[in-house]
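My request is simple: use the sequences and hints to build the entire structure.
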Amino acid sequence: MKTVLLAPLDPVHDNAVKLLKRKLSEAGYDAHAMPPGTTPEEVIQRALTLKPAAILVSRTLGYKVAEILSQLVDLADAAGLRDATRIGVGGMAITREIGAELGFDGCFVGELKMNAVIDFIEGRSASQTARAFDEITREKPDITAGYTYRFFDPKIESYLNQITDQILSAAAGKTTDGIERAKIRSEMLEMDVATRDHRGSPETRGKLLARYITLCDSEIQAFYKDGRLPAGVRWLDRAEIDRVGELFPSGHEPFTPLRHNRPKPYFFSQYGTGCPIMDVYHIKVAEAWGIDGVFHFDPSWNAQREGLLEGYLTHEHDGTILTLENLSFIRSFLEPYTLWNVRGHRGLNTPETQVLGHAAGADLFKINIPYGSTAGGTDPQRLLVDGVYSLKLAAQYKIPFDIPGNDELSGVPPYKTFAGLLIMMSLGLRLGARPIPKPLLCYSPYMTIHGRMDDNMIDMNLAKLAVWRDIVDTPIWPGEPVGFMTHTPDRVQSALQTSLHASLAAAAGVDAVTIASSDEAYSKGPISVQARVDTLRAVRDQLRFQGSLQASLSPAAESIKAEIHEKITATLAAVAARGDFAASIYEGLLGSQDDGLYPGRVGAGTVRGE
Amino acid sequence: MMKAMDRVVDAVDIETFLYCTSEDEAKELAEQLALELGLPHGDIVFLEFKAWGARVRIRSYIHHPGDHYRWMEKEHEA
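So the protein sequences, as listed, match chains A and B.
Going by this note's numbering, the first residue of the first sequence is number 282, and it counts up by one from there.
Going by this note's numbering, the first residue of the second sequence is number 2, and it counts up by one from there.
For the record, the hints were derived by calculation from the structure and aren't laboratory data.
Be aware that a few hints might be false.
[Stated by the list, open to error] One-sided excerpt, in silico: chain A residues whose CB lies under 7 Å from chain B:
1) R524
2) T554
3) G555
4) C556
5) Y562
6) T595
7) H596
8) E597
9) P770
10) D771
11) Y803
12) K805
13) G806
14) P807
15) S809
16) V810
Fair warning: this is a prediction, and the values are worked out from it, not measured in the lab.
Where a beta carbon is used, it is the ideal one built from N, C-alpha and C, also for glycine.
As structure tokens, this is what we get:
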């Protein structure tokens with residue numbers, strides 16, 4: 282057992298010394314703490330008796346810092362202590378420069394990191410502990426683990442079964458160009474010819490690509506046939522790609538999660554700056570500040586054109602171009618425990634996105650037929666057929682899919698959105714996939730217009746989470762991101778709203794939470810990397826403040842929960858009675874034009890028989 | 002020689018408080034400040050005027066996504 286001597290060279294402050302004494306004792310060290318007001322002479326005198334492996338001194342007050350600390354170092358030198366004893370310094374008054382100038386062996390600045398202190402005592406390099414810590418403490422979680430998906434409400438379950446039958450019947454024997462392209466991509470992957478630098482047969486690639494191109498829009502065809510890039514897009518060059526690896530060497534200090542003392546929730550943020558290299562930087566920063574998982578966001582035009590590009594591509598617009606090369610490049614830089622979601626919940630390339638996401642190593646998909654079929658999205662019939670195929674892929678790949686409830690942002694009441702999420706859950710489960718519903722915590726137009734959050738934002742949001750526990754045994758993942766429409770461009774306000782919503786969700790016992798950056802409401806430029814850090818810091822502190830407190834529903838929240846539950850049932854009854862899921866979307870049963878929702882038109886009339 | 006500005010990953014944000022008598026004046030001053038500081042294409046991300054002055058955040062993108070990032074250059078290349 283090694284001996285450590287702890288001394289506050291400060292007249293008052295000894296909190297750090299007391300804390301260190303407890304933690305070092307728990308870690309198996311013989312730790313001795315001296316009282317506040319200890320002088321350098323007293324420290325050296327005690328050290329000569331104890332012969333410690335390390336002396337750790339602290340100083341909070343700023344006056345005479347250099348004088349007192351240099352006296353300690355001089356006395357230690359004169360006493361011949363330093364051959365066997367390392368001397369470290371920390372505290373509010375200490376900077377790395379002071380520590381180095383005065384000849385200390387170690388200097389501890391900022392938040393107390395026990396692994397760094399232990400490294401110092403043991404004379405190890407920080408990276409050795411960092412690697413060991415990483416390997417031991419962070420594993421990639423399965424958000425769906427432990428959930429049975431058993432329905433507690435038989436009426437809802439019965440309606441869902443009816444609707445699921447209708448959807449599967451409607452999709453049976455149907456195909457689309459999107460599905461056929463996904464099949465070709467799968468074949469290209471099997472034949473090792475899916476990328477531009479493939480190792481397979483050029484003839485095979487040529488044949489498959491020729492078939493693929495016939496199923497694409499003209500702009501995508503021009504890319505493959507003539508090498509013409511869409512406006513604003515450029516190739517990343519090899520030197521740029523290779524250089525990124527040098528920017529993020531392994532052996533970094535361990536990244537601690539945002540959670541304080543709960544095993545859940547896992548925290549996610551989205552990326553999609555437009556550039557895979559910038560994405561990697563943003564992801565690595567988010568990981569360093571505690572994120573558990575990230576989403577790949579592609580450009581909106583990806584959803585509106587038949588066919589996907591390929592290669593390492595970048596552009597100066599929102600959303601990073603979805604290619605196998607881009608995805609694989611980004612994926613290669615994630616920490617081993619970071620969850621990675623590739624969204625494909627809407628658009629004409631939904632099936633192919635699942636194929637490429639799986640090939641690149643995705644841990645999660647995002648699929649939602651009702652949401653993707655509205656608000657400028659894809660035609661409901663088209664996405665119904667593509668969505669069923671995509672869910673089959675998710676089941677085949679054993680990749681869970683999450684279901685965003687962001688149609689609330691158009692003005693849809695939560696019960697209609699939740700009915701849509703439940704339909705997607707039921708459909709996914711029938712096809713063998715594992716769904717994760719994502720009730721949105723937001724200040725939506727419905728809430729504003731109907732005054733449902735005039736008094737507070739807690740009752741409604743808690744009710745929206747709690748109602749799920751009454752219906753089905755499922756993981757719950759509020760997003761996307763939490764606090765939507767509460768944010769302003771004021772970074773303090775924005776980070777605060779995110780942290781309040783995130784911590785409320787944590788107190789309600791959810792499994793995961795998607796958080797925004799503090800640039801959420803800034804629309805005139807890309808999200809900055811510092812804006813990501815803003816909210817991660819805010820959430821961490823809010824979770825620390827809150828600890829393991831559990832949220833409980835007020836009478837008002839109980840009443841809202843009962844109302845949502847009842848109206849979900851009524852909504853599902855109406856959809857089941859309609860007997861045609863696509864028609865239910867067209868006719869507004871899951872969100873009407875009065876609510877602010879319009880059926881998507883992209884890809885209308887493109888469903889055909891197999 | 003490497004410039005610190007080259008190491009800005011994407012944007013520089015300047016937060017400050019301006020003495021002014023109206024929101025319009027605050028906007029003018031914020032834009033002028035960006036120019037005086039030599040920040041290219043300064044944009045007002047946030048501005049809140051109350052009574053005696055304005056709290057403001059000005060942003061300038063040093064590197065846009067898709068650019069060739071100078072922070073990726075090795076020291077001898079910068």
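Here is what the structure says about each hint:
Residue-level restraint check for R524 (chain A) holds (minimum Cβ-Cβ distance to chain B is 5 Å; threshold 7 Å). A cut of 7 Å between beta carbons decides the hint on T554 (chain A): the least distance to chain B is about 4 Å, and the hint holds. Given hint, G555 (chain A) at the interface with chain B, holds; its Cβ is 4 Å from that chain's nearest Cβ, closer than 7 Å. At its closest, the beta carbon of C556 (chain A) sits 4 Å from a beta carbon of chain B; the interface hint therefore holds under the 7 Å criterion.
Given the 7 Å rule on beta carbons, the hint for Y562 (chain A) holds: about 6 Å separates it from the nearest Cβ of chain B. At its closest, the beta carbon of T595 (chain A) sits 5 Å from a beta carbon of chain B; the interface hint therefore holds under the 7 Å criterion. With its C-beta approaching chain B no nearer than about 5 Å, H596 (chain A) sits inside the 7 Å limit, and its interface hint holds. With 7 Å as the threshold, the beta carbon of E597 (chain A) comes within range of chain B, its nearest partner Cβ sitting at about 4 Å, so the hint holds.
The closest approach between the C-beta of P770 (chain A) and any C-beta of chain B is roughly 4 Å, which is under the 7 Å cut-off, so the hint is satisfied. Taken as an interface hint, D771 (chain A) checks out: its beta carbon lies about 5 Å from the nearest beta carbon of chain B, inside 7 Å. With a cut of 7 Å, the hint placing Y803 (chain A) at the interface with chain B holds, because the nearest CB-to-CB distance is about 5 Å. Interface restraint check: K805 (chain A) against chain B, minimum CB-CB distance 6 Å, threshold 7 Å, status holds.
Interface hint at G806 (chain A): satisfied, since its Cβ lies 6 Å from the closest Cβ of chain B, which is below the 7 Å cut-off. For the restraint placing P807 (chain A) at the interface with chain B, the shortest Cβ-Cβ distance is roughly 5 Å, inside the 7 Å limit, so the hint holds. Hint status for S809 (chain A) relative to chain B: holds, with the closest Cβ pair at about 4 Å, below 7 Å. Given the 7 Å rule on beta carbons, the hint for V810 (chain A) holds: about 5 Å separates it from the nearest Cβ of chain B.
When held up to the earlier numbered hints, the structure conflicts with none and fits them all.
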